[in-house]
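My request is simple: use the sequences and hints to build the entire structure.
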Amino acid sequence: MKLSEIRRGEKKLIEGMTLADMLLLAALVIISVSGFIFIKEAFPQGTDVKIEVNGRLAYKLPLSSDAAIAVKGINGDTIVEIKNRKVRIKESPCPNKICVHQGWIDRGAIICLPNRVMVFIEGSEGKENKTIDAITG
Amino acid sequence: MIEKFKIQDSKVQKANPSFILPLFKGRDGGVIFSSALLLFCSLFILSACSPQKEKVYRKSKVLMDTLITISVVSGSGDKAEKAIDKAFGEIEKLDRLLNFFSDSSELSEINRNAGLKAVAVSPETFEVIEKAIYASGKTNGAFDVTIGSVTTLWDFHKRVKPEDKQIKERLPLVNYKNIILNKKSSSVYLKKSGMLMDLGGAAKGYAADRAVDVLKKQGIKSGLVSIAGDIKAFGLKPDLKPWKVGIRNPHAENKADEIMAAIELTDLAISTSGDYERYFIIEGKRYHHILNPKTGYPAEGCQSVSIIAKDGYVTDAFSTGIFILGTEKGIKLLEEMGLDGIIVDKNGKIHTTSNLRGKLEIIGDSQRRKKTN
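First to last, the sequence lines map onto chains L and Z.
Residue numbers for the first sequence follow numbering that gives the first Met the number 0, so the first one is 0 and each next one is one higher.
Residue numbers for the second sequence follow numbering that gives the first Met the number 0, so the first one is 0 and each next one is one higher.
Calculated directly from the structure, the hints in this document are not laboratory data.
Misleading hints may appear alongside valid ones.
As the list claims (entries may be wrong) - Computed from the model, here is a short list of chain Z residues facing chain L with C-beta under 7 angstroms:
id	residue
1	Leu223
2	Ser225
3	Ile230
4	Thr271
Unchecked claim - Derived DEER-like restraints, expressed as beta-carbon distance ranges:
id	chain 1	residue 1	chain 2	residue 2	range
5	Z	Asn112	L	His100	35 to 43 angstroms
6	L	Lys10	Z	Leu239	50 to 58 angstroms
7	L	Ala66	Z	Ile179	56 to 64 angstroms
8	L	Ala66	Z	Leu239	32 to 40 angstroms
9	Z	Lys78	L	Ile38	44 to 52 angstroms
10	Z	Lys78	L	Met21	37 to 45 angstroms
Said to hold, decoys possible - Derived, one-sided and incomplete: chain Z residues facing chain L with beta-carbon distance under 10 angstroms:
id	residue
11	Lys58
12	Lys60
13	Phe87
14	Gly88
15	Trp242
16	Arg247
17	Lys254
Computed from a predicted model, the values in this text were never measured in an experiment.
Glycine residues also receive a C-beta, built at the ideal position from the N, C-alpha and C atoms.
Listed below in structure tokens is the structure:
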């Protein structure tokens, strides 16, 4: 009984629609979908931590969740830590430990040349650096 | 049926107070409006998802004992990756030929045979040495690739400062005029035994030039090759703007102050030499890696020098050469040669060639305070 009532109601609704109504409905659907895409394109949430070894992507992790991982470089394991939206190299088998001394970063990159480990924070550069493509010096 | 639809339609229009309704001037107007909206929206979606949309593709690799990043603009990720890998291949080849520390490089073979015989080399090695000698001549020996025998006395990682006597002994071995090039046999000869050629001041810029050539041959219209501080850019970004390069603040006070200026570049190279890259401090005195070929000691007078020119080998060699010449002589030589440069002197003041005025965007707060003009 109830099901047939609903069906009748649906039928009434569709019968009651004009071409304009249907187009309007389609347009509204498209607006909401394209709006979603537009927001995604215009405001990328690109806060990913990319870890590369020797130029090859090894890990891609969100900056928002805390983690500690051992990344296998050419001389051993580099320990990368993500905490409170910041990243650091905690331990490294390299001789000078320049990467470890760099400490916590929330943008840019940490590069460990001896162990060939590169940690990048993507798409979260500061205001002034946003449009900068490369740095000399 | 049709009549019924018409009636209902008008009823809906009257009853519904939606904000869109005033735009519906009768049924046909509504259809036109909706269709236009539909068309507009689908166009938007198509353009957003189109596979031919140009993007910047980027890849980094450690080569030449430093971090190299290549960015290209392309409509296809596969094409971009292929071109970038070919460019990395070219840099890798140059690294094998020109590496000062590798025994198997052509450069090491030339050095081993110093005072003994001429060594036949590949066209690339010959070309980069030829170009380095040109820069030495123009800077009157302020840039000199035969500094190698003195450089090896210093160790900036282990904080080794050589004895004055040791430096004085080696200085006679430093003179680019004792490099004998023979174009016919493509050979290089170092006249004096013990001479050491170190192409560290020209090879990276040259490699950036070659990498850009490879990218262009692969059909890439726009890109940027960054080999440590040596950068070469060509073409425009997808937003049709030139590439923007930040210049590091030589003595930054904090992280926010890391970049002192930015400049837009297209079809140009930029290189920077600074006293902050490799150095150690003993008794308050800074000893850095840019050695004056005339004295064998770190050059004084500048904190950093950035040079802008068409070719990477020019910017690389002249950033070192001008650093050693100092602010006054440096700016004068740059103006004479029609090159552009930014010099931060020992007090942190920024000096630029006249052509650059207005083109440089000063960023860091501490630099804004110090800027001279």
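These are the hints, each one checked on the structure:
{"no.": "1", "hint": "Leu223", "in the structure": "holds, 6 angstroms"}
{"no.": "2", "hint": "Ser225", "in the structure": "holds, 4 angstroms"}
{"no.": "3", "hint": "Ile230", "in the structure": "holds, 5 angstroms"}
{"no.": "4", "hint": "Thr271", "in the structure": "holds, 4 angstroms"}
{"no.": "5", "hint": "Asn112/Z with His100/L: 35 to 43 angstroms", "in the structure": "holds, 41 angstroms"}
{"no.": "6", "hint": "Lys10/L with Leu239/Z: 50 to 58 angstroms", "in the structure": "holds, 54 angstroms"}
{"no.": "7", "hint": "Ala66/L with Ile179/Z: 56 to 64 angstroms", "in the structure": "holds, 58 angstroms"}
{"no.": "8", "hint": "Ala66/L with Leu239/Z: 32 to 40 angstroms", "in the structure": "holds, 39 angstroms"}
{"no.": "9", "hint": "Lys78/Z with Ile38/L: 44 to 52 angstroms", "in the structure": "violated, 29 angstroms"}
{"no.": "10", "hint": "Lys78/Z with Met21/L: 37 to 45 angstroms", "in the structure": "holds, 42 angstroms"}
{"no.": "11", "hint": "Lys58", "in the structure": "holds, 6 angstroms"}
{"no.": "12", "hint": "Lys60", "in the structure": "holds, 4 angstroms"}
{"no.": "13", "hint": "Phe87", "in the structure": "holds, 8 angstroms"}
{"no.": "14", "hint": "Gly88", "in the structure": "violated, 12 angstroms"}
{"no.": "15", "hint": "Trp242", "in the structure": "holds, 5 angstroms"}
{"no.": "16", "hint": "Arg247", "in the structure": "holds, 3 angstroms"}
{"no.": "17", "hint": "Lys254", "in the structure": "holds, 8 angstroms"}
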